[in-house]
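A.B. asks: If you want the building blocks of each chain, they are given just below.
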Amino acid sequence: MKTVITLTLSLMLIASPAFAKVNVFTCEPEWQALVQAIGGEHVKTYSATTAYQDPHHIEARPSLIAKTRRADLLVCTGAELEIGWLPLLLRKSGNADVQASELGYFLAASHVERIEVPVALDRSQGDVHASGNPHVSWDPYRLQTIAKALSKRLQEIDPNNATNYQQKLKQFNQQWTTAITRWEVMAANLAGKKVIVYHKNWSYLLKWLGVEVIADLEPKPGLPPTSKHLSHLLSVTRDNAPDAILIANYQDDKGAKWLSNKTGIPVIQLPYTVGGSDQAIDLFSLYNEVLSLIIKETR
Amino acid sequence: MNTLFTQNKITKVVLAMAGLSMMTLSSGVNAAGLGKISGNEFNPAISLILDGRYTDINSSELELPGFQLGGEAGLPSNGFATGHNELVMSANIDDSYFGTINMAIVHSDGETEIELEEAFIETLKLGNGFTLKAGQFFSGIGYLNSIHDHAHDFADRPLVYDAIFGGHLVDTGLQSTWVAPTDLYLSFGAELTTGSKFPSGENEGNNEGRAFFVKTGGDIGISSSWQLGASYYQSEFDVREASGAHDHGGDDHEEEVTIDNELLNGDIDISGIDFVYKWAPKGNNKQTNFKFQAEYFVKNESGLVEFVEGDASAEALYDGKQQGYYMQGVYQFMPAWRIGLRYDHLKADNKFSDFEDNGIDEEEFLEESGYGTADEPNKFSIMLDYAPSHFSRLRLQYSELDNGHDETNEIITLQYSMSLGSHGAHTF
Chain A
14 MKTVITLTLS LMLIASPAFA KVNVFTCEPE WQALVQAIGG EHVKTYSATT AYQDPHHIEA
74 RPSLIAKTRR ADLLVCTGAE LEIGWLPLLL RKSGNADVQA SELGYFLAAS HVERIEVPVA
134 LDRSQGDVHA SGNPHVSWDP YRLQTIAKAL SKRLQEIDPN NATNYQQKLK QFNQQWTTAI
194 TRWEVMAANL AGKKVIVYHK NWSYLLKWLG VEVIADLEPK PGLPPTSKHL SHLLSVTRDN
254 APDAILIANY QDDKGAKWLS NKTGIPVIQL PYTVGGSDQA IDLFSLYNEV LSLIIKETR
Chain B
21 MNTLFTQNKI TKVVLAMAGL SMMTLSSGVN AAGLGKISGN EFNPAISLIL DGRYTDINSS
81 ELELPGFQLG GEAGLPSNGF ATGHNELVMS ANIDDSYFGT INMAIVHSDG ETEIELEEAF
141 IETLKLGNGF TLKAGQFFSG IGYLNSIHDH AHDFADRPLV YDAIFGGHLV DTGLQSTWVA
201 PTDLYLSFGA ELTTGSKFPS GENEGNNEGR AFFVKTGGDI GISSSWQLGA SYYQSEFDVR
261 EASGAHDHGG DDHEEEVTID NELLNGDIDI SGIDFVYKWA PKGNNKQTNF KFQAEYFVKN
321 ESGLVEFVEG DASAEALYDG KQQGYYMQGV YQFMPAWRIG LRYDHLKADN KFSDFEDNGI
381 DEEEFLEESG YGTADEPNKF SIMLDYAPSH FSRLRLQYSE LDNGHDETNE IITLQYSMSL
441 GSHGAHTF
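Going line by line, the protein sequences match chains A and B. For the first sequence, position 206 matches number 219 in the working numbering, and the numbering has no gaps at all. For the second sequence, position 220 matches number 240 in the working numbering, and the numbering has no gaps at all.
Careful, some of the hints might be misleading.
On the chain B side, residues computed to face chain A include the following (Cβ under 10 Å) [said to hold, decoys possible]:
no.	residue
1	Glu142
2	Gly149
3	Phe150
4	Thr151
5	Tyr205
6	Ser207
7	Gly303
Cut-off 16 Å, straight-line C-alpha distance, at most; resulting in silico cross-link-like pairs (EDC-like, lysine to aspartate or glutamate) [as the list claims (entries may be wrong)]:
no.	chain 1	residue 1	chain 2	residue 2
8	B	Lys341	B	Glu396
9	A	Lys233	A	Asp140
10	B	Lys306	A	Asp265
11	B	Lys367	B	Asp115
12	A	Lys34	A	Asp140
13	A	Lys57	B	Glu396
14	B	Lys302	A	Glu310
15	B	Lys341	B	Asp287
16	B	Lys367	B	Asp426
17	A	Lys80	A	Glu126
18	A	Lys220	A	Glu126
19	A	Lys270	A	Glu231
20	A	Lys80	B	Asp115
21	B	Lys145	A	Asp265
22	B	Lys306	A	Asp67
23	A	Lys80	B	Asp339
24	B	Lys306	A	Glu231
25	A	Lys270	A	Glu225
26	A	Lys207	A	Asp266
27	B	Lys306	A	Asp152
28	A	Lys241	A	Asp229
29	B	Lys302	A	Asp265
30	A	Lys241	A	Glu231
31	B	Lys145	B	Asp173
32	A	Lys220	A	Asp152
33	A	Lys206	A	Glu115
34	B	Lys311	B	Asp395
35	B	Lys306	A	Glu72
36	B	Lys367	B	Glu326
37	B	Lys371	B	Asp339
38	B	Lys311	A	Glu72
39	B	Lys302	A	Glu72
40	A	Lys275	A	Asp295
Hints were generated in silico from the structure; no laboratory data involved. Quick reminder that beta carbons are idealized off the backbone N, C-alpha and C, glycines included.
Modelling step: build the complete structure from the supplied sequences, incorporating the hints.
C.D. replies: So, in structure tokens, the structure goes:
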């Protein structure tokens with residue numbers, strides 16, 4: 014027993030981290046990209062999910078517990094998007110610094126106002142989020158607010174490099190503001206267009222662009238499309254023809270393709286987040302690609 | 021030291037009060053409530069599991085020759101039955117502790133009982149990978165042991181869990197775990213428990229249970245992940261009453277004969293290994309995914325057996341070795357639909373010496389006490405389930421149980437398992 018304890022303790026000593034870089038565990042690639050943009054060389058990042066995974070359906074698997082164990086800062090969406098696995102990771106990690114009461118716990122959605130907050134909470138409405146739509150990274154203005162809060166948090170966690178984080182944020186803000194102006198000019202013609210979406214993960218983007226969502230492929234949030242619902246959509250599109258069907262490229266395209274074949278409405282498969290296509294390597298290129306694809310297909 | 025501690029405490033209180041007043045302020049500013057992930061404001065997160073089933077089975081008692089059964093081991097009743105309805109409440113108690121209670125409401129033999137499955141607190145802020153748990157909990161040994169039945173992939177537990185642990189190894193005491201700061205997941209756990217419950221037995225100190233486990237795991241590329249575990253449990257006890265004695269149809273007996281079947285001065289140890297492998301294309305398990313798991317346990321137990329039936333009795337020194345494994349695969353072939361196969365196998369090898377016949381001969385003793393071995397029991401199951409949402413599941417299962425007495429039981433189960441309230445956890 015004694016040897017086990019000694020071994021354990023010595024293992025811990027060997028492994029205790031030199032606080033060189035801030036070790037950031039992000040739940041989704043968009044936050045990894047944001048942390049990289051405003052943390053630069055002072056952060057080491059890891060994303061729990063990829064652009065091809067549905068962040069709602071992740072399990073608290075061993076590799077994620079190991080990563081959480083070593084994190085100095087946890088950056089996730091919040092608004093219950095990760096409710097199935099993040100609380101479990103926190104409990105199993107034994108990491109005091111990233112618990113919900115600590116500085117090392119940062120939920121992006123809790124720094125901005127959310128849309129589509131349900132009036133009544135009832136599971137007959139599907140897998141609804143009590144705190145509203147969590148997909149906040151798709152509003153460029155909200156993203157800017159989150160970047161500011163995240164930079165402040167990094168400064169608190171790593172005060173030695175505070176000025177550096179401030180500079181990085183300033184730089185990011187300038188580039189992002191310029192990009193917003195460019196995107197708004199580029200997408201001006203999208204205002205007033207109509208689309209069908211698979212899931213409510215484009216709500217912030219479409220609200221910003223002034224695009225109207227006439228229906229969802231999911232009968233209720235989180236439930237896969239049914240043939241009954243699809244035939245209902247078919248009749249909806251007869252009266253009110255949309256310009257496109259938007260799906261993220263990790264979502265099942267069967268329903269969308271069926272509807273497209275029946276109606277001739279184009280299906281646009283979009284990368285939902287950074288890493289979702291060869292071009293989408295950071296937040297700028299992600300926004301660029303998604304906007305270009307929608308503009309091209311709805312011309 | 022003492023003053024430092026007090027000062028520290030005062031600082032904490034002041035900070036907490038400041039935090040509280042800030043919270044009140046900010047909630048005034050942001051009426052939308054820019055909160056954290058939480059179950060239900062300040063109430064504990066509550067979830068209710070509803071489980072009901074229809075079973076077609078032509079036997080009412082689980083008999084596994086060579087295994088003394090205890091705990092919750094058994095067969096479902098024929099026809100309609102409410103299953104394991106569970107009420108779970110949990111919350112962060114404060115910034116340092118998490119607490120949860122899990123109660124099963126079970127109806128059987130005309131009576132409704134509340135069984136305490138788990139009630140424990142757990143530290144959140146020991147740090148450096150350490151977590152301490154206290155209370156009644158499902159032991160961390162094995163893979164399925166700490167997972168509640170409603171989250172299993174089949175309608176019933178693997179045979180080896182019923183045969184060796186009487187369902188789950190559940191006890192009251194302390195558990196400490198440590199996660200190593202390595203990229204490869206490596207976690208160690210140790211438990212100190214009463215050791216008074218099956219498969220152990222009453223002991224004077226009420227503290228004889230010891231469990232140790234180690235788990236490791238990781239990802240293989242983006243699509244696969246795995247976990248491998250090894251466990252050990254050890255206990256000593258004064259007396260264990262067996263519930264698995266052979267029952268020869270009560271109707272034949274005019275008078276009730278009292279049967280006492282006790283294991284005295286017992287020693288028990290259980291070792292096990294478990295393995296889980298999961299695959300989903302690009303790690304996205306929503307459309308299709310596959311899961312394989314296998315566990316093996318071996319139990320050594322010894323002691324003095326006292327078997328009393330009315331005025332007659334028998335005694336013997338007992339040294340038993342019982343083992344079993346299962347392996348199963350579950351494949352989700354399209355969203356919401358899964359199919360699964362499972363194979364269970366048990367083997368018992370029990371030795372007796374110094375047999376003392378006081379009106380019961382060795383053959384009768386072996387048959388009636390449950391210690392006597394026969395062929396190796398095994399079971400084959402196939403299931404199909406449909407889960408249209410995160411919260412509901414319907415399941416059809418067919419099993420063939422060969423109990424080792426040349427009898428094969430066919431069991432057909434139709435089950436619903438639903439979860440109401442707060443969102444459940446996605447354990448690996």
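A.B. asks: Now tell me if each hint is right for this structure.
C.D. replies: The hints, checked one at a time:
no.	hint	verdict
1	Glu142	7 Å, holds
2	Gly149	4 Å, holds
3	Phe150	5 Å, holds
4	Thr151	5 Å, holds
5	Tyr205	4 Å, holds
6	Ser207	7 Å, holds
7	Gly303	5 Å, holds
8	B/Lys341 / B/Glu396	13 Å, holds
9	A/Lys233 / A/Asp140	7 Å, holds
10	B/Lys306 / A/Asp265	9 Å, holds
11	B/Lys367 / B/Asp115	48 Å, violated
12	A/Lys34 / A/Asp140	38 Å, violated
13	A/Lys57 / B/Glu396	55 Å, violated
14	B/Lys302 / A/Glu310	27 Å, violated
15	B/Lys341 / B/Asp287	12 Å, holds
16	B/Lys367 / B/Asp426	15 Å, holds
17	A/Lys80 / A/Glu126	30 Å, violated
18	A/Lys220 / A/Glu126	14 Å, holds
19	A/Lys270 / A/Glu231	14 Å, holds
20	A/Lys80 / B/Asp115	22 Å, violated
21	B/Lys145 / A/Asp265	41 Å, violated
22	B/Lys306 / A/Asp67	7 Å, holds
23	A/Lys80 / B/Asp339	45 Å, violated
24	B/Lys306 / A/Glu231	14 Å, holds
25	A/Lys270 / A/Glu225	20 Å, violated
26	A/Lys207 / A/Asp266	19 Å, violated
27	B/Lys306 / A/Asp152	26 Å, violated
28	A/Lys241 / A/Asp229	13 Å, holds
29	B/Lys302 / A/Asp265	13 Å, holds
30	A/Lys241 / A/Glu231	11 Å, holds
31	B/Lys145 / B/Asp173	33 Å, violated
32	A/Lys220 / A/Asp152	8 Å, holds
33	A/Lys206 / A/Glu115	44 Å, violated
34	B/Lys311 / B/Asp395	30 Å, violated
35	B/Lys306 / A/Glu72	12 Å, holds
36	B/Lys367 / B/Glu326	23 Å, violated
37	B/Lys371 / B/Asp339	5 Å, holds
38	B/Lys311 / A/Glu72	13 Å, holds
39	B/Lys302 / A/Glu72	14 Å, holds
40	A/Lys275 / A/Asp295	36 Å, violated
The structure does not agree with the numbered hints 11, 12, 13, 14, 17, 20, 21, 23, 25, 26, 27, 31, 33, 34, 36 and 40 stated previously, though it agrees with the rest.
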